[in-house]
Structure formats: C-alpha cells, structure tokens
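Participant: First to last, the protein sequences are chains A and B.
Each step along the first sequence adds one to the number in our numbering, with nothing skipped, and position 264 is 266.
Each step along the second sequence adds one to the number in our numbering, with nothing skipped, and position 261 is 263.
Any given hint could turn out to be false.
[Claimed, not checked] The calculated DSBU-like cross-link candidates involving lysine-lysine, where the alpha carbons are at most 30 Å apart (straight line), are:
id : chain 1 : residue 1 : chain 2 : residue 2
1  : B       : 226       : A       : 282
2  : B       : 83        : A       : 199
3  : B       : 282       : B       : 226
4  : B       : 76        : A       : 199
5  : A       : 83        : B       : 199
6  : A       : 59        : A       : 32
7  : A       : 226       : B       : 76
8  : B       : 76        : B       : 98
9  : A       : 282       : B       : 284
10 : B       : 32        : B       : 282
Everything labelled a hint here was simulated from the structure, so no lab data went into it.
Number of protein chains: 2
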Amino acid sequence: MADTIRISVDAMGGDNGPRVAIQGARLAFKERRNISFIFHGREAELLPLLDECPELKPVSTVRHCDLVIAMDEKPSVALRKGRGNSSMWNALQSVKDGEADVAVSGGNTGALMAMATFCLRPMEGISRPAIAAIWPTLRSDIIVLDVGATVGGDARQLVDFSILGAALANALFDQESPTVGLLNVGTEEVKGLDQVKEAGRLLTASSGAGFTYRGFVEGDDIGKGTVDVVVTEGFTGNIALKTAEGTARQVGTYVRSALRANLLSRIGALLASQAMAALKRKLDPRSVNGGVFLGLNGIVIKSHGGTDEIGYKSALGLAYEMARSRLIDKIGDRVRRFPPLPATENKNSEAEGSRA
Amino acid sequence: MADTIRISVDAMGGDNGPRVAIQGARLAFKERRNISFIFHGREAELLPLLDECPELKPVSTVRHCDLVIAMDEKPSVALRKGRGNSSMWNALQSVKDGEADVAVSGGNTGALMAMATFCLRPMEGISRPAIAAIWPTLRSDIIVLDVGATVGGDARQLVDFSILGAALANALFDQESPTVGLLNVGTEEVKGLDQVKEAGRLLTASSGAGFTYRGFVEGDDIGKGTVDVVVTEGFTGNIALKTAEGTARQVGTYVRSALRANLLSRIGALLASQAMAALKRKLDPRSVNGGVFLGLNGIVIKSHGGTDEIGYKSALGLAYEMARSRLIDKIGDRVRRFPPLPATENKNSEAEGSRA
Chain A
3 MADTIRISVD AMGGDNGPRV AIQGARLAFK ERRNISFIFH GREAELLPLL
53 DECPELKPVS TVRHCDLVIA MDEKPSVALR KGRGNSSMWN ALQSVKDGEA
103 DVAVSGGNTG ALMAMATFCL RPMEGISRPA IAAIWPTLRS DIIVLDVGAT
153 VGGDARQLVD FSILGAALAN ALFDQESPTV GLLNVGTEEV KGLDQVKEAG
203 RLLTASSGAG FTYRGFVEGD DIGKGTVDVV VTEGFTGNIA LKTAEGTARQ
253 VGTYVRSALR ANLLSRIGAL LASQAMAALK RKLDPRSVNG GVFLGLNGIV
303 IKSHGGTDEI GYKSALGLAY EMARSRLIDK IGDRVRRFPP LPATENKNSE
353 AEGSRA
Chain B
3 MADTIRISVD AMGGDNGPRV AIQGARLAFK ERRNISFIFH GREAELLPLL
53 DECPELKPVS TVRHCDLVIA MDEKPSVALR KGRGNSSMWN ALQSVKDGEA
103 DVAVSGGNTG ALMAMATFCL RPMEGISRPA IAAIWPTLRS DIIVLDVGAT
153 VGGDARQLVD FSILGAALAN ALFDQESPTV GLLNVGTEEV KGLDQVKEAG
203 RLLTASSGAG FTYRGFVEGD DIGKGTVDVV VTEGFTGNIA LKTAEGTARQ
253 VGTYVRSALR ANLLSRIGAL LASQAMAALK RKLDPRSVNG GVFLGLNGIV
303 IKSHGGTDEI GYKSALGLAY EMARSRLIDK IGDRVRRFPP LPATENKNSE
353 AEGSRA
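The task is simple: from the sequences and hints, build the whole structure.
Facilitator: If you want it as structure tokens, here you go:
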C-alpha cells in the first residue's frame with residue numbers, strides 16, 4: 003500500500019458549514035484508504051460530526067480554533083484578523099510545518115489566496131501564484147490558469163503560469179511535454195494585448211523546456227481541448243471559466259425543457275434516461291471541483307464554496323492526487339530547467355514589488 | 003407598407019464567396035419585402051449569381067469593384083490598400099454618402115473595423131467604437147459588448163459602451179431603461195481591475211440617464227440573463243463569447259453522443275426528434291449571426307465569415323432592424339442625455355489621441 007497522504011482541512015470554510023467537509027472526507031476515505039485528516043475548526047461542531055463517521059475517527063485529528071473567516075471578508079482584513087488563529091490559516095500552517103502534505107479549504111477565495119501567499123510564500127523563480135482549473139473538454143481534461151488569483155499580469159507572469167500549468171499537466175495526466183497555448187483574441191501574430199504578444203515571444207524561445215508551446219489559442223479552443231494547458235491572466239480566466247459554467251447550465255436547461263416539450267419527447271427521455279443520467283454525471287460541476295493554487299511552497303486546493311459532500315470529496319481526491327504525484331517537486335524541477343529569461347532581473351524585481 | 007430599407011452589402015467578404023451574400027439576400031427579401039440592396043464586388047461574379055434570383059434583381063444594384071480584402075490581411079495594410087477602391091470600403095462609403103441605411107460585410111473583422119472607423123468616424127461624444135453581440139440567454143436575448151473592436155479600455159470607454167449597449171437594447175428590445183452590468187471577477191466592491199471599478203463609480207453616479215446600472219456581474223450572469231446589457235472591454239468580451247460558443251458546441255456534442263449511446267436512447271431520440279430539432283434551431287449559431295458595430299456615424303453589421311446563406315440572412319435581418327429602429331438617432335439621443343463625466347475633457351483628448 004502506498005504512503006499515507008496527510009490532508010489538512012479548513013473544516014469551517016464554505017457556504018454549507020463543516021458537515022460538508024466531514025462527510026466529503028468520509029467519502030474520500032472510502033475511495034482511497036491511505037489518507038489521514040487534520041480538521042481545523044470549532045471542536046464543539048466538528049466532534050459530533052465525526053462521531054457520525056466512526057470509520058473516519060481513527061485517521062482524523064481535530065485542531066480546535068474559534069475564528070472562522072467569513073465568505074465576504076476582504077482579503078486584507080482576513081489576513082490581519084485571521085493570521086495565526088483562524089481555521090483557514092491553521093490549515094495552511096499544517097502544510098508549512100510539514101505535518102500535512104496538502105491543504106483544502108472551501109472558504110473565501112481571495113482570503114485563502116492572501117493567506118496562502120503569506121504563509122507558504124511564492125516558490126523561488128515564480129513571481130506570483132495562480133489558480134488552475136481542471137477543465138473537461140471534448141478531447142480530455144485540460145488545465146486552464148489563472149482563473150482568479152491575480153488580476154492583470156505581465157509577460158513574465160504568463161510565462162510563469164505556463165511553467166506551473168505544464169508541471170500540473172505532467173503530474174495529473176502524466177505527459178512529459180504538455181502542449182501550452184496562450185489565450186488571445188486571434189491566432190494571428192498581430193493581435194492581442196502587448197503582454198500576451200511578449201509572452202508569446204518568450205515562450206517560442208523556450209519551447210521544449212518542459213512543455214511544447216503551440217502559440218495563441220482562442221476561447222473556443224478551450225472546449226475543443228486544442229492544447230493541454232491554456233494560459234491567461236486571472237481576470238479573463240475567471241470570466242472564461244464562469245461564462246463556460248453559465249453556458250453549460252443554459253444548454254442543460256434547454257435540453258431538459260426540450261425533452262419535456264411534448265408527450266413523445268417525454269417518452270423518448272424515459273427511454274434515453276440511462277444515457278441522459280450518464281450525461282448528467284459528466285456535466286456535474288461537482289465531479290471536477292477544486293482549483294489548484296500553484297506557485298507556492300505547498301499545495302492548496304480551493305473547493306467551491308457552495309458545493310456539497312460529493313463536490314468536497316472531489317476536491318479532497320484532487321488534493322490527494324497532487325500530493326501523491328509530488329507536484330511541488332515537479333514544479334521546482336521545471337522552474338530550474340527553464341532557461342533564464344531575457345531581462346529577468348528587471349522584470350523579477352517589478353514582480354517582487356507587487357507582492358503583497 | 004413601411005419605408006424601404008436600403009442595405010449596402012460587401013458581397014465579396016467572407017470565407018464562402020459571394021454566393022452566400024446573394025442567396026442570403028434572396029432569403030432576407032422573401033421575409034421582409036421592403037428592402038433594396040447595393041452589392042459591392044466583382045460584376046463578373048455577382049451578375050450571374052443575381053441572374054439565379056430573378057425576384058431579387060428589381061431591388062438590387064451591383065457596383066463593380068475589383069479589389070477584395072483578404073480574410074487574413076492586417077487591418078493597417080487593408081486600410082492602406084483598400085481605401086476607396088475595395089468592396090469593403092465601398093460598402094461603407096454607400097452608408098456615408100446616404101445612399102444606403104446600413105452596411106453588411108462577412109469580411110475580415112479587424113479590417114472592417116479599421117475601415118468603418120476611418121470612413122464613418124466615431125460619433126460625437128464617443129471615444130471608441132465597439133462590437134456588440136446579441137446573446138441568447140435563459141431569460142431573453144441580451145447585449146454583450148465589446149466582443150472584439152478594442153483591446154483594453156479605460157473607464158471612460160466602458161461608460162461609452164454602456165451608453166451604446168443601452169441604446170441598442172432600446173432599439174432591439176424596445177426597453178426604455180435597459181439594465182446594465184459591468185463584467186467583473188466578483189460582485190463585491192473590492193474586486194477587479196481599476197478601470198472597471200472606476201467605471202462602476204461613474205455609472206452609479208449616472209444611472210437613470212437612459213439605463214439602469216445594476217453593478218458588477220460575473221461570467222455566469224451572461225447565460226442567466228441577469229441584465230440586458232453586459233459591458234466589458236474587447237479582449238475579455240471576445241474570449242467570453244468564443245468560450246461560450248465552444249462550451250455550447252461541447253455540450254451539444256455530449257448530448258448527441260448520449261442519445262446514440264444505446265438502443266433505448268436511440269429510440270428515445272427518435273421519439274423526441276421534433277423537440278430536439280427545435281432545440282437544434284435554438285442553438286444554431288446562424289440564427290443570431292451578426293455583430294453590430296456601435297459608436298460610428300453609421301450602422302455596420304459584421305456577419306460571421308464562415309456562415310452560409312441562412313446565417314447571412316440573419317445578419318441582413320439584423321441590419322434591417324437596426325436601420326428601421328433608427329438606431330443611430332437613438333444613440334445620439336442617449337449620448338446627449340448622459341450627464342457630462344468628471345474630467346471628460348482630459349479623457350476625451352487622450353482617447354482622441356489613440357484613434358487610428
């Protein structure tokens with residue numbers, strides 16, 4: 003049996019309270035036995051929930067902590083109030099202290115990113131962290147980043163995101179040299195933002211250093227799965243992600259109403275129900291729940307705040323896979339393999355200046 | 003019978019040649035009799051195509067012109083080569099000269115935007131033009147702009163886009179005070195790019211001047227139809243549009259393979275075929291083909307380059323509606339009603355400086 007993966011859980015984060023985290027852990031443990039958990043949060047709430055899951059108790063530790071970061075707290079306020087004494091911070095601290103391999107939280111994304119950056123610190127050679135989404139496409143799952151850690155981003159950051167995304171694709175999909183595309187408004191060289199064009203030049207020069215750069219891709223290339231890793235800054239990436247989620251729900255609603263349109267279509271839906279149930283599972287956002295924070299000295303998985311125990315189980319499963327595949331070592335390896343960038347010192351110090 | 007709407011057509015633009023434009027016109031004329039056409043392009047190609055449509059000949063004029071702007075031409079090169087002597091330019095010139103009410107082209111978007119800006123000029127009070135998409139949502143069609151005219155954009159431009167989008171919503175959906183939302187990565191005040199936050203402040207101050215400002219919206223609000231007009235700059239807007247198109251195709255593919263998964267689902271699909279055909283029509287990108295160029299002294303509709311005659315008919319229908327509803331007058335009216343912006347003079351002159 004493989005080594006046990008130790009997951010540190012901010013059990014208080016999320017819209018639906020600690021039950022989702024504990025029940026999610028129960029489901030994750032059922033699937034993969036070699037996990038242990040540290041649950042950070044209010045003992046008085048967590049212990050009774052654990053009592054409901056006797057199989058989970060032997061592999062679980064509860065670390066009491068009163069303060070919970072609210073879902074609408076400003077990141078700067080959360081950091082000031084919750085540093086060192088909130089369930090969110092403590093979940094990260096367990097990773098920093100080496101008592102856990104990975105941290106999971108369903109809490110406030112901005113606060114979690116601020117705390118994770120402060121607690122775990124950016125990796126050497128990486129200017130800013132990113133959140134990567136695992137995106138189902140017509141070909142296979144791919145990586146899209148950044149989907150919301152940063153807003154704006156220069157060429158250097160886009161190059162960093164390419165290295166990070168390629169390392170994640172390597173860890174998740176076992177590809178030695180994943181293909182990377184830069185999200186842009188057109189595939190012709192002339193188009194797009196200056197920093198995207200500059201990043202394209204840098205990546206062309208260094209293609210082969212752990213990934214294969216494939217040039218610019220457009221929004222519809224994401225769903226096609228044209229490349230393994232789609233790179234963009236966090237504003238556009240977040241809007242692309244949420245627009246896609248909205249569109250998938252919209253088309254799903256159309257399909258459901260079409261199948262209820264008349265008697266024949268209702269009988270048809272009944273006959274096709276097995277296939278449609280498989281489709282529903284495929285489109286279920288809970289099956290790919292979890293954004294991966296990349297570029298820090300430790301792995302952090304952000305579960306969707308509004309998910310249920312099924313979704314939380316997916317986030318914990320993702321955390322498990324990231325830790326098992328030694329993602330951090332793979333990223334470090336790729337950062338070292340990457341050739342030095344032209345004018346790196348200048349750009350680095352600019353990026354350093356913008357760190358929180 | 004209503005006044006005749008005169009449509010000027012760049013009959014050579016698009017991937018599929020002039021047949022699509024002429025056949026699209028035949029279909030549009032069948033639906034709405036009070037249209038006349040000026041077709042710009044190569045006589046030797048256009049006249050035989052018109053001969054195939056005897057009903058169209060009495061309402062059509064062909065204006066010969068040899069030069070056709072290639073789909074991959076750089077906008078600056080297209081403008082230098084094609085100014086005054088290309089089918090694309092001449093189609094715009096007909097609007098400028100007052101012999102047509104609206105222009106339609108399926109050609110190179112960047113070149114068309116550059117030529118339209120140069121030929122028709124931005125409207126007084128509007129810093130830069132935008133391309134608006136008519137986006138089907140769960141509630142009703144809405145307007146999303148800019149989907150690709152500009153890349154980047156300051157607060158003043160986002161405010162301009164709000165005025166333009168509200169005028170279009172008024173013209174298309176007959177709403178006196180359409181709701182407007184700014185696309186952002188979160189609905190909390192603290193988030194997002196500086197220019198988006200600044201635009202939010204300006205719009206809050208002027209809500210009521212022809213539209214109702216509803217604050218920030220996120221990517222998934224587009225598909226829900228939360229507001230009538232979603233405003234963003236062209237990079238993000240273009241990526242959102244294409245990501246949504248890609249996702250709709252992706253989910254459509256999943257549905258088709260689910261309905262072919264087994265014998266029962268195939269029988270079910272057969273029984274539901276009428277409802278599924280209606281759904282297919284609903285999701286058909288040809289049914290809402292046409293980006294509206296807004297902010298110029300004249301209406302220009304960009305048809306999708308790869309569309310067929312059904313899609314071209316939709317673009318011509320949209321052109322007809324824009325002209326019939328006197329869109330340009332409505333925009334001018336709203337620009338005049340809008341209260342002067344703080345520091346307008348400065349920002350205006352900056353924007354003027356960036357015009358081609």
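Participant: If a hint holds in the structure, say so; if it doesn't, say that too.
Facilitator: Structure-based check of all given hints:
| no. | hint | result |
| --- | --- | --- |
| 1 | B:226 - A:282 | holds, 19 Å |
| 2 | B:83 - A:199 | holds, 26 Å |
| 3 | B:282 - B:226 | holds, 19 Å |
| 4 | B:76 - A:199 | holds, 16 Å |
| 5 | A:83 - B:199 | holds, 25 Å |
| 6 | A:59 - A:32 | holds, 13 Å |
| 7 | A:226 - B:76 | holds, 27 Å |
| 8 | B:76 - B:98 | holds, 23 Å |
| 9 | A:282 - B:284 | holds, 21 Å |
| 10 | B:32 - B:282 | holds, 23 Å |
Of the hints listed earlier, there is not a single one the structure fails to meet.
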